[in-house]
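Trainee: What follows is the residue order along each chain.
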Amino acid sequence: MSKRSDMTNTHNWSGQKLVSTDYLLFEAPREKHFMTGSEVLKEAMKRCTVDASVSYPITPQSEAAHLIGELWAEGYVGTYFRGENEFGVMSEVAGCAMAGARTVTTTSGPGTLRAMENFAQWSGTRIPCQLILMARGINSPLTIQPDNLEVSYMLETGCMIWYAENVQELFDMSIAAFTVAEKPDVHVPIITVVDGFFVSHTREAVMLPADDIALEPYDPYKAPLPPIDSETPPGRFLRDPFVMKSNYISYATHASWQWEVRSAVERSRPYAEHYLKGLIHITGEDDAEIAFVTCGTASNQAKEAHRELMKLGIKTKVIKLRTIRPFPAKELLEAVQGIKHIFVPEFNVVGWLEKEVRKELYNKCEADIVGGPRVAGGMSMPAEAIIAEVMEKINPGKGA
Amino acid sequence: MANQGPAYYSPYPAATYEGVITPPEGKALLLEDVVDEETAMREIAKQMLTKENATIFPGPQVLYAWSDEAKRKATLIKEMAEVLNANMIPMYDYRPKYPKIDAEIEINPNHPNLTIWENKIKAAIFIGVHCHYANVALKIVRAETDCYTIAMCALSGHEDAMATIRDQHASDLEKFIKIAKEVKSELGV
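Protein chains in written order, with my numbering: chain A, 1 to 400; chain B, 1 to 189.
A hint or two may mislead.
What the hints assert, rightly or not - Cut-off 27 Å, straight-line C-alpha distance, at most; resulting in silico cross-link-like pairs (DSS-like, lysine-lysine): (1) A:Lys-222 - B:Lys-181; (2) B:Lys-97 - B:Lys-178; (3) B:Lys-97 - A:Lys-222.
Claimed, not checked - Selected chain A positions facing chain B (Cβ under 7 Å, derived; list incomplete): (4) Pro-226; (5) Pro-234; (6) Gly-235; (7) Ala-252; (8) Glu-260.
Simulated from the structure, these hints should not be mistaken for lab results. The beta-carbon is built from N, C-alpha and C at its ideal position, and this holds for glycine as well.
All chains, please: the whole structure from these sequences, using the hints.
Mentor: Next comes the structure, spelled out in structure tokens:
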């Protein structure tokens, strides 16, 4: 069975050569492949020296959990098992990570909410596990297509949240995610989000490095809390209960503890800046007066709208947010300088990204903010819908 | 550490919310300024040598002889205490003490202020404390006391301490002791 004791200083248990994250992401030669998001995630995890994965591979979310199971069968993932339900899965992920394992799982939509209590517990226990959230919306009625409503529920869990636009970003982000989450001064869980179906099920070109290299293993002895280890002081069979047994001091500890979890997310900024090459990515015209603030596949549609609007002589730019937690407030504020109209196209009915943008820009920016267009429940977002929203604002009543 | 005082409505301020984060590799933090490590070491020595009841709080990572590095560091910390004329109060463990801590002889990250109040400590070094518990304690100390806090960290440092140096291994402690002796001589204390 694959395990840490089978590793050498230079190779992991599956015989892959251990390399730095910088080499894997930026230096290793790459070849072009044509894959779905689920397949690409398998390729990413194959190169991450993953110790453990737990899944509740309910169909039809995506094939991702199933494919990570194949990695275990092929000897790349240390251990792999199925939970009885999503709550069990996320609890078991916590157990694996507390014991010092690099751990990954995937979920989406209703399953995310079923496991909800765990996400705040994950961050509170400072485990650096990764959840790949292939967003698909929340019942009812059932949808298995793209809708990212569940992301709004994850915003205040204390976990980092990154958002990939396409399969290439999913590959690179999910590798960088482990590295940033495992930094000793960060060391909180990371949720890497992609839009389900559009990314998970759709085949795209993607550049991949060779599969005979992989990340250095996770070192739990650089964790900010002692890992579960009964032999190394302070010996632990469990993580410490931190507010029990002393009502007098519990408020102080709890308040400080919560500030600390959120501080840890803030400390991830310079690392994310390095590995993602920026917390935001801007496409379009520097002197535009119209901006689209987006994440995920809405970015792709906004870029298409940008190209069509350029044909009409209307300059725009797309400001894609790669991180949602931490929120790239400073970067966004700089990017909207000179902008008169901001549009926030989203794949959900509540406009959670619009609320985030409004909150961060309130009293700091004079631009008019329009929450839309919004689609949901599996609807696509054609560029025409975005263009119509823009034309209604700048040329009211005249249409596109 | 950023400015003193409450952050938002919490009595427990967090420096990250004022834009201060851990120093980059090779650097240190003095309040909110990123400085060279040697500059920080000199200031730390000065604070410890001039403040009342200066104390070192060694944590589990240097209290228990679980590695050669831990043993070597523990020996150096004893020497450091002598050079700095400092007391030593251990943080044996991280679990809250029930029903009541003996604050004269022990510190705990869940209520570090009790030990600082009890012993009237005006400057303190945290060393060998796991980072999360150091951070929880430093926020409480910053909110509840007037103690000048110093974090000597083997990993990335602690922005809620008033002075922090990072990547501190045994050889770095030797360097600090040498600098502390120089500062002590300069101050004539």
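Trainee: Compare the structure with each hint and give your call.
Mentor: Here is what the structure says about each hint:
1. A:Lys-222 - B:Lys-181: Not OK: A:Lys-222 and B:Lys-181 at ~31 Å, beyond 27 Å, violated.
2. B:Lys-97 - B:Lys-178: 37 Å, violated
3. B:Lys-97 - A:Lys-222: Holds - the C-alpha atoms of A:Lys-222 and B:Lys-97 are around 26 Å apart, at most 27 Å.
4. Pro-226: This hint holds: A:Pro-226 lies near chain B, its Cβ roughly 6 Å from the closest one there, short of 7 Å.
5. Pro-234: Where the cut-off is 7 Å and the nearest Cβ of chain B is about 4 Å from A:Pro-234, the hint holds.
6. Gly-235: 9 Å, violated
7. Ala-252: 5 Å, holds
8. Glu-260: Nearest chain B Cβ about 5 Å off; hint holds.
Hints 1, 2 and 6 from the earlier list are contradicted by this structure; the remaining hints agree with it.
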